[in-house]
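2 protein chains.
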Amino acid sequence: MYYIGIDLGGTGIKAGVVDENGNIILKDSCPTGAERGYGAVIQDMAKLAIDVTQRSGHRMDEIKAIGIGLPGVMDPRTGRVPFCTNLGWHDVPIIQEMAKYTDRPVFVDNDATVAGLAESVAGVSAGCENSVFVTLGTGVGGGVVIGGKVFSGSHGVASEIGHMITVSGGELCTCGNRGCWERYASATALIREGRKLCGAKPDTALLKAVDGDLKAITAKHVIDLAKAGDPDCMALFDDYVVHLCEGLSNLINVYDPEVIALGGGVSHAGEFLLNAVRAKLPEMVFYKDMPYARVELAKLTNDAGIIGSAMLGR
Amino acid sequence: MYYIGIDLGGTGIKAGVVDENGNIILKDSCPTGAERGYGAVIQDMAKLAIDVTQRSGHRMDEIKAIGIGLPGVMDPRTGRVPFCTNLGWHDVPIIQEMAKYTDRPVFVDNDATVAGLAESVAGVSAGCENSVFVTLGTGVGGGVVIGGKVFSGSHGVASEIGHMITVSGGELCTCGNRGCWERYASATALIREGRKLCGAKPDTALLKAVDGDLKAITAKHVIDLAKAGDPDCMALFDDYVVHLCEGLSNLINVYDPEVIALGGGVSHAGEFLLNAVRAKLPEMVFYKDMPYARVELAKLTNDAGIIGSAMLGR
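These protein sequences, in sequence, are chains A and E. Count along the first sequence starting at 1, add 1213, and that's the number in our numbering. Count along the second sequence starting at 1, add 1213, and that's the number in our numbering.
Treat the hints with care, as some may be off.
Given that identical chains are not distinguished, each listed pair holds provided it fits within a single copy or across any two copies.
Calculated cross-link-like contacts (lysine to any residue; reagent style SDA-like; alpha-carbon spacing at most 20 Å) [what the hints assert, rightly or not]:
hint	residue 1	residue 2
1	Lys1440	Gly1301
2	Lys1428	Lys1512
3	Lys1362	Val1337
4	Lys1409	Cys1386
5	Lys1501	Pro1295
Simulated from the structure, these hints should not be mistaken for lab results.
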């Protein structure tokens, strides 16, 4: 049997035919064109799914299920997407719309969740019963796999790990709370702290690196300067790692996974990030004499969305 | 089939014969006598288990399994208890010791975990697929049930929810980290803040209630004065509820359970606590338009340990 995985993003739709083991047989993509409304977007998703299947030499009745990963959540009780900010969606009947074009069962989940599933099938946490995928990007997202399956909780809203409060009374978050982990462990946090640094210390290397343009600061600037040994960015990066590890130790205390996989923009810092985390985390773990989660870099990058959403129906 | 549940505490051992539905057929107890060493304690547990079974009119071969709840964890790889501070245990081969006295399978888990299981079988979260039991006592413990089963993670150390960091850089915890939730949501937190209040404001009602003896302050003093409308204790209790809700919203964001059951000493504040939590929590929940966990008071108090440990083998 084969599966179709659809990775629905703000700018593009990717779809692929995937086998039982998470191998992509054939994939393709098209623009999202979200401004056309959900009807046209969902029609294009279905068309692309049917098209890649035909071109892969398979029939739709060989497809066991279609999975969709999107930057939002689906309410499992209604089959509707309550909201999906990047796409401007509000209360979209995605299951009903897909049924206009295909009789295959359709499964929908959050994009970070499906990326976590992909890693647990064909990536760095392959074969693990329990694993957590953490995306360190503009925000912090999570994909939690428990017992080899996506864990979405009782109302489909589990694994909002970026909104764990780790700094009571801290930075205001987009969700309305203060001190959410993602305010401290995202790329956005490195940028914010980088700007603060430049404001407080006009001769710092970071400000020179962006020719004095605060708005040009990226997480990569901060990380590259820390790698190069700039003391200001090293201090900033060390603080970032402490906050990152606070959340990771929370994940260990609540999920106790075999592997925590780090993905997203900040994870491109690679071994530099991984080594810093592996140096800090052990002192924060509760049971110091017992084994705990390995922290690794996520392995599947661009294909994680296709593979993981395909695996939703497995 | 029947099950034996053993609740092993620092001062007493309780054991009961329990049916499939979590009803206690017959129970009894004896002192722990931890100072005698683990061998004697485990022998007494086995004796008590056999004794209650016989007195209940059943044979040991009608007992499907024996469960033990204790204030520590078992390492599932080794069948040993790495440590159990209240009992002075270190690396105790509990499965091997129990096998000296009975051929019934033995399951061991943390006492908060088994209390959570008990609530999910015969208590306030009965019938829920996913639920979290939170004990607000000297510390904060957790019992997590996922898919109707105890969730212990990959290394048996999941559900250490009291050690989620919610206040980065905050109060030093017994675990070595700073700002663990239990430093802010336990009875101990109410006592600590009560003492600070008395130190700062010698004419406060709390200090009068304990005749000027700071050491006599209990969580109940603080709660009773807050209930009675004392402004200082009301403010203190309000702060407590904010911190409690920060951790509860974290639990919703990571586990998305159907029910969060509050137990332990502070939960004796009853509706007063429950109403305060139910007033504060909604504004902190991430998905404000979607249903989320009901917060309830735990129902099984003294029998939760027997019922829950019995259900470990179900």
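Each hint, compared with the structure:
When the C-alpha separation of Lys1440 and Gly1301 is checked against a cutoff of 20 Å, the pair qualifies neither within a copy, at 38 Å, nor between copies, at 46 Å. For a Cα distance limit of 20 Å, the shortest separation of Lys1428 from Lys1512 qualifies neither inside one copy, at 31 Å, nor across copies, at 55 Å. For a Cα distance limit of 20 Å, the shortest separation of Lys1362 from Val1337 inside one copy, 16 Å, qualifies, whereas the shortest one across copies, 27 Å, does not. Within a single copy, Lys1409 and Cys1386 get their C-alpha atoms as close as 17 Å, which meets the 20 Å cut-off; across copies the closest is 31 Å, which misses it.
In this homomeric assembly, Lys1501 and Pro1295 come within 20 Å of each other (Cα to Cα) only across copies, at 11 Å, whereas the closest approach inside a single copy is 42 Å.
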